[in-house]
Amino acid sequence: RKEVEQDPGPFNVPEGATVAFNCTYSNSASQSFFWYRQDCRKEPKLLMSVYSSGNEDGRFTAQLNRASQYISLLIRDSKLSDSATYLCVVGQTGANNLFFGTGTRLTVIP
Amino acid sequence: DAGVIQSPRHEVTEMGQEVTLRCKPISGHNSLFWYRQTMMRGLELLIYFNNNVPIDDSGMPEDRFSAKMPNASFSTLKIQPSEPRDSAVYFCASSLGSGTQYFGPGTRLTVL
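One line per chain: the protein sequences are S and V, in this order. To get this note's numbering, take the position in the first sequence, counting from 1, and add 50. To get this note's numbering, take the position in the second sequence, counting from 1, and add 2.
Just chain S, with the same shape it has in the complex (with noise of 0.2 angstroms):
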């Protein structure tokens, strides 16, 4: 089973849309979490960390639930500059290393 499983899309939205991403992680001893944004033939960048009590940055809102081990991102009033690949990252504890998911990929249209 892989550490982080997320839906690889597409999710092809219009623009000012809301959109949602799941993933899910198998580690129950996993301590960190992060999205972070892939654009394409580019280097993955973190975008936001995520933490136990949820948390927002400006559209960007992200939550954990450590009992169903699951992690969300909400992106609300999509842009276009949003389209991009949407990375479920998970790190554990006592360990520098992280397991990414597969990506998400977003496209917000016009």
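In short, the hints are calculated from the structure, not lab data. Heads up, the beta-carbon is just placed ideally off N, CA and C, and yes, glycines get one too. Hints may contain errors.
[To be verified] In silico DSSO-like links for lysine-lysine, alpha-carbon gap of 27 angstroms or less:
hint, chain 1, residue 1, chain 2, residue 2
1, S, 129, S, 95
2, S, 52, S, 92
3, V, 70, S, 92
4, V, 80, S, 92
5, V, 26, S, 95
6, V, 80, V, 26
7, S, 52, S, 95
8, V, 26, V, 70
9, S, 92, S, 129
10, V, 70, V, 80
11, S, 95, V, 80
12, S, 95, V, 70
13, V, 26, S, 92
[As the list claims (entries may be wrong)] If you only want the chain S side, here are some residues facing chain V, beta carbon under 7 angstroms, derived:
hint, residue
14, 90
15, 93
16, 94
17, 96
18, 113
19, 147
20, 152
Fit chain V to the supplied structure of chain S, relying on the hints for placement.
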């Protein structure tokens, strides 16, 4: 500030040739990671170093792959001999401990 630097950015080689990929991590970072990304398998961790010491190389596909980190500012990933199935984008990333990983621009490798 300079980010993670990788070279070359593109490499095209023939099957059987040796390939060396290079990485300079962000100054002050003590963890360095080598990843491989393909459409089929996504982003896979190959190996990572803490303080120049290899910690986990379980992702290295086989003996044809080797990685070194002779000092805190330089690492290499070598493939010898290369095969067409090694074609992928290879990313290097660095972090300070378990903090945010910053990725380099990647090396796009094509083995003919």
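Now for the hints, and whether the structure bears them out:
no.	hint	verdict
1	129(S) - 95(S)	holds, 18 angstroms
2	52(S) - 92(S)	holds, 24 angstroms
3	70(V) - 92(S)	holds, 25 angstroms
4	80(V) - 92(S)	holds, 22 angstroms
5	26(V) - 95(S)	holds, 17 angstroms
6	80(V) - 26(V)	holds, 15 angstroms
7	52(S) - 95(S)	holds, 22 angstroms
8	26(V) - 70(V)	holds, 12 angstroms
9	92(S) - 129(S)	holds, 19 angstroms
10	70(V) - 80(V)	holds, 9 angstroms
11	95(S) - 80(V)	holds, 25 angstroms
12	95(S) - 70(V)	holds, 25 angstroms
13	26(V) - 92(S)	holds, 18 angstroms
14	90	violated, 12 angstroms
15	93	holds, 4 angstroms
16	94	holds, 5 angstroms
17	96	holds, 5 angstroms
18	113	violated, 20 angstroms
19	147	holds, 5 angstroms
20	152	holds, 4 angstroms
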